[in-house]
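Chains as they are written, first to last, in our numbering: chain Z, 1 to 413; chain C, 1001 to 1132; chain Y, 2001 to 2323; chain G, 3001 to 3152.
Straight-line Cα separation of at most 20 angstroms, EDC-like style, residue types lysine to aspartate or glutamate; simulated pairs: (1) Z:Lys203 <-> C:Glu1012; (2) Z:Lys217 <-> Z:Asp267; (3) Z:Lys149 <-> Z:Asp200; (4) Z:Lys203 <-> Z:Asp141; (5) Y:Lys2032 <-> Z:Asp141; (6) Z:Lys197 <-> C:Glu1012; (7) Z:Lys263 <-> Z:Glu204; (8) G:Lys3032 <-> G:Glu3042; (9) G:Lys3082 <-> G:Asp3141; (10) Z:Lys217 <-> Y:Asp2298; (11) G:Lys3071 <-> Z:Asp256; (12) G:Lys3071 <-> Z:Glu257.
Calculated directly from the structure, the hints in this document are not laboratory data.
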Amino acid sequence: MSEEEKSPVRRKAAAGLMQYSPENIVPFGPVHPALKEPEYFKLVLEGERIIEVYPKIGYVHRGIERAAQDRTWVQNIYLFERICGICSFAHSLAYSQTVEGLSTFEIPRRARYIRTIIAELERIHSHLLWLGLVGYWTGFDTLFMWIWKDREHVLDLVESITGNRVHKSFVTLSGVRKDLPDGIGDRIRTEMNYLEKRVDFYKELVSTEETLLTRTKGVGRINQEVARRLCPVGPLLRSTGIARDVRVEDPYAAYDEVVPDVKSSTDGDIASLIVLRLEEARESCRLVTHAMERIPQGPVRLTVPRIVPAGDNASHVEAPRGELIYFVRSGGKMLPERVKMRAPTLANILTAVEMLKGRPLADVPVVLTGMDPCFGCMDRIAVVDVNKQKEWAIRGEELRQLGIQYYKKGNMQ
Amino acid sequence: MPRRKIGGALGEMMRTAFQRPITKRYPFGSPEVSNRFRGKLDIDPVKCTGCGICAIVCPSPSTIEMVVAGKRRVGDRELEIQRPVFNLFNCISCGQCVDDCKFGALRLTKNFELATTDKNTLIMSKATEIAK
Amino acid sequence: MTTAAILVEALIFPGLTFFVCIAFLFEWLERKTAARMQGRIGPVVAGRFGILQPVADFFKLASKEEMVPLYADRLVFDFGPQLFFAAPAMGLVFVPVTGPSSILSDPLDLLFMLFILAFSALMAALLGYSSAGRYSIIATGRLVLQYTGYEIPMIIAMVTPAVLAGSLSFDGIVAAQGTYWFILLAPISFACFLVAALAELEKPPFDIPSAKTEIVAGWMTEFSGRALAYVKLTKNLSYVFLSAIAVALFLGGPLGPVLSGNATVQSFFYLLYFLIKLFAVGFCIFAIRTALARVRIDQATRLFWTVITPLSLLQLGVALILR
Amino acid sequence: MQTDMIARIGSTVEGQVTHVRNSSVLTVAPEKVGTACKLVVESGEYYHLSTITGLDEGESIALFYHFWRGKQFITVKTNVPKENPRIQSIIQEVPAAIFYEAEIADLLGVTFRGNPLGDGGLLLPPNYPAGEPRPLRKEADPEKIKRMMRVE
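Isolated chain Z (complex conformation) (with noise of 0.2 angstroms):
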């Protein structure tokens, strides 16, 4: 508690949380075995009825914005990657695309074409994790094995095609790294006729299974007025019927000839949002197979100075999540002056807790992950690259003090 004591704002949460009483309190997190990052959730509860959320971030800090100061705008690609392992092509693209505005030069279009199957590929990729784990998350393990079962199809093919199965490292200033490699269309189109069949079968079967129905349809319902208010993005806006897409309305990488048709639902609960990924997922299939049929020839990138000029840009990119916004100021130099980045996690966090209040302690895994959360993106906001090894390590040694003390005093008694 005297952690709580220090901060003024903890101590604000901690008089909200002091009208209800300690029973009614229920922990979610940091460490759960619904959230896979550590987030914590304070939940009160009245039964099984949840009433108010104090959501507390934070758990993943990192330092990466301040870490981006001390590095060259080349290195920073390796480290924006690393915020994220679901999405750290967008990472890397959305980075990248930022320094580019900057320059004059002009990105070569098979690099283009290049991007945007790799981004498509990680939509699908990121997509049916996120589904597997609505199935793990309603109990529905069969659905979640299957889901990883083809999702290694993906997971292979970025590999053959980038040299990594998460951190692609393939992004570079002015273009990519590496040309694709021979012989990879025909592979693409297999595995895309593949996973296209795949897609509409878990889509058949999401929306007819009784008991996954009656655990999301009209849970977590939000409308336009609310997504207006609080501004979430990506497939959780998208689920309110507000059909917006980075990819459509500000054209990056080759997304201005291979066109997307933006999906929307106007339903705004869980079961509308599971169906309109798996949508994407197709409609993400597809345009890696026709971006693959209209791949032009030509070199993959340019050399290019490693001074950018200076000046302020942001820049966008759909992620699978949803917008993903990077802001850069460079002062012409070698490091940047300050980028900053905004995931989509953050963008729909408040939304997500404005979908918990009223529904049961049942529905917190459902609608929680419903926005498809990942912690790590939104985290990486922040400080000092503060030794977390040590802090660690006396707060864990505390901890271990406790649980001791907490459980040897139930042994004596």
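Guided by the hints, dock chains C, Y and G onto chain Z, whose structure is given.
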């Protein structure tokens, strides 16, 4: 509105049960990685000239350190020979050094089994040894 | 039969030890089958095809350090797991396995069986409540709520065969199924019983009291070491227990075409039929388990009260007429 | 059309409008930010608050409120003095700003009046040295802060 039913997954479940499982029994059998896989870094000590570009471009701090590997006499002056030492426990396998090496001395192998109980086994100082 | 012989039968074969082995086998089968249906390979390390994995898990858990939470009720927390284990272990003695009659039989078997089922649920609730964790308390609330839902249809579904057979003992019910299995006369009761059994066993879609993504491990959250090993074993044993009840009540127990022979050969055949039926019922349960998602507690209770209970009552009415 | 709209908003709040690449920057005084943001989100088009960027410019701290629609960003820019970094929160006008403001409050030490999380304490570790400048300020010395936090 599609029909709602219970147990829509049963058919596919039975089909899957008779297919080959996807699980790879990894430590047994050979691991499969693609040709472009970026694994452990390797250096060709003969090709390395010690220019130090790799140490400059590396995005991960203190992965590549330039050390003095020996002395060389050019005329009446004595020059230091510098060679990179790779602390591979810090390496993030991005391959930027491979891209930027003008002499083709670096490459990424397919070896990804880097787990070890002794961190020192991941320090690669091949280039310095040959310079001596 | 002498008391000693009964004791040996009850404790070793076909009693406790035998059923514990079956319980381990059930867990292995469940994991292996589910894995294959999901495209995985499941346990492979311990024993051939990983068949010893549940046993290994049990001993691993049993050898672990046991922790007791500060506010736990020590009496229930310490002795609860054993009592919990006793419930299905005792119940299994009354199920006929190697012949048309069980080790112990009584004209009022069925009532005792109902008591054991209720006792098992009560023990689970007590265990959850005694450990005084927040997740355990919520889970206990859910458990009891779910119990109020599935208990009545389960009782009605179990009474239907008794009505058809005109007997309250398992021996009598099994004997009455010489010509027709009661699953043919009371199919809806069988289905209702399976659904209620899913709820009793906390398997999806009714694994609400132990839903791991919501309340960690439900009422088992605070248990560790030997207590947890016992609790897990008990859940597997209950699985066998309920399947055995289903076999005895609806599938004719160990009855089947028996070749003439001496008593040993006959009992071997009875055992074989019993095991085939047992695994068939078990397989049904884990196929359903694998194919469905978890429902919410309010939805589950609504389902039991508005669908399953009326259906089982209907079947009971039909059974009364058929009789 | 959009240019007109920005010019109109600019004249209402006595701001200065510049156009750089894909974004129109509207520089206003700190007390007019709320009004400017309100005008942008209520301009009839659906503008969406993408994020708020805080930036140490030496004398002052610059705040960029990025609004996005279509191919355009509208950036409302303001500068708050470093000695007294206080500004009125915009969560009345745009509720979505709450976490973005909290982030800046933590990392740059700007206080947002009216935001429950507006004086920081959300992201920084609890043992962050109290007297030190916030981490993203120019004068912050990571090495020193690291040392101080290790002592604790």
